[in-house]
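Visitor: Just remember that my numbering sits 5 ahead of the position in the sequence shown, which is counted from 1.
FYI, nobody ran anything at the bench for these hints, they're computed from the structure. Because the structure is a prediction, the values reported are computed rather than measured. There's no promise every hint is true.
Okay, derived cross-link-like pairs now, SDA-like style, lysine to any residue, Cα gap no bigger than 20 Å in a straight line [to be verified]:
1) K117 - S77
2) K117 - N51
3) K40 - K96
4) K96 - F76
5) K100 - E68
6) K117 - P50
7) K40 - M126
8) K96 - Y25
9) K96 - Q118
10) K117 - R79
11) K40 - I24
12) K40 - V78
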Amino acid sequence: MKGKTVIAAVIIAIAGIFIYIWASTAFINEMNYRKRAYAIQNYDPNIIDWEEAEVTLVNLAEEYCITPRIFSVRINRYLLFLNGGHAVKVKMRTKVDGLLGPSILYFNPFTKQYIGGAPRM
């Protein structure tokens, strides 16, 4: 009887993990990511309409992302293998888009943590 309970608990735990992974990429709270990206940019006054920033789910293998040399950030980036390498991309317009291009930041959809940014070109 105890063995069946343990097996059932393991199956429920694994199912819960897979449901969490699916839900974290299927249901993206766009405003939450906009707020996080704006905060990471230190509330830069050069950012135009941060509330209107473009938020999309992208495959990070197809995007150019520079990850800082911070241990926790690198761990969050490596965790992307759980959903096939998908990350949340936040693209914010700035007053210097003509010179540098938009500011692009990437977030891990599971942990909601910053994992890197794209170079401005």
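Visitor: Evaluate each hint against the coordinates.
Guide: Going down the list of hints, with the structure as the test:
1. K117 - S77: 12 Å, holds
2. K117 - N51: Given that 20 Å is the threshold and the Cα spacing comes to 24 Å, the pair is violated.
3. K40 - K96: Distance ~12 Å between K40 and K96 Cα, so the pair holds.
4. K96 - F76: Measuring from Cα to Cα gives roughly 24 Å; hence the hint is violated.
5. K100 - E68: 23 Å, violated
6. K117 - P50: Between K117 and P50 the Cα gap is close to 24 Å, so the pair fails against 20 Å, i.e. violated.
7. K40 - M126: Cα-Cα ~24 Å, so violated.
8. K96 - Y25: 25 Å, violated
9. K96 - Q118: It holds: about 16 Å lies between the C-alpha atoms, which stays within 20 Å.
10. K117 - R79: With Cα atoms ~14 Å apart, K117 and R79 stay inside 20 Å; holds.
11. K40 - I24: The hint is violated at about 25 Å.
12. K40 - V78: Judged against 20 Å, a Cα distance of about 18 Å means the pair holds.
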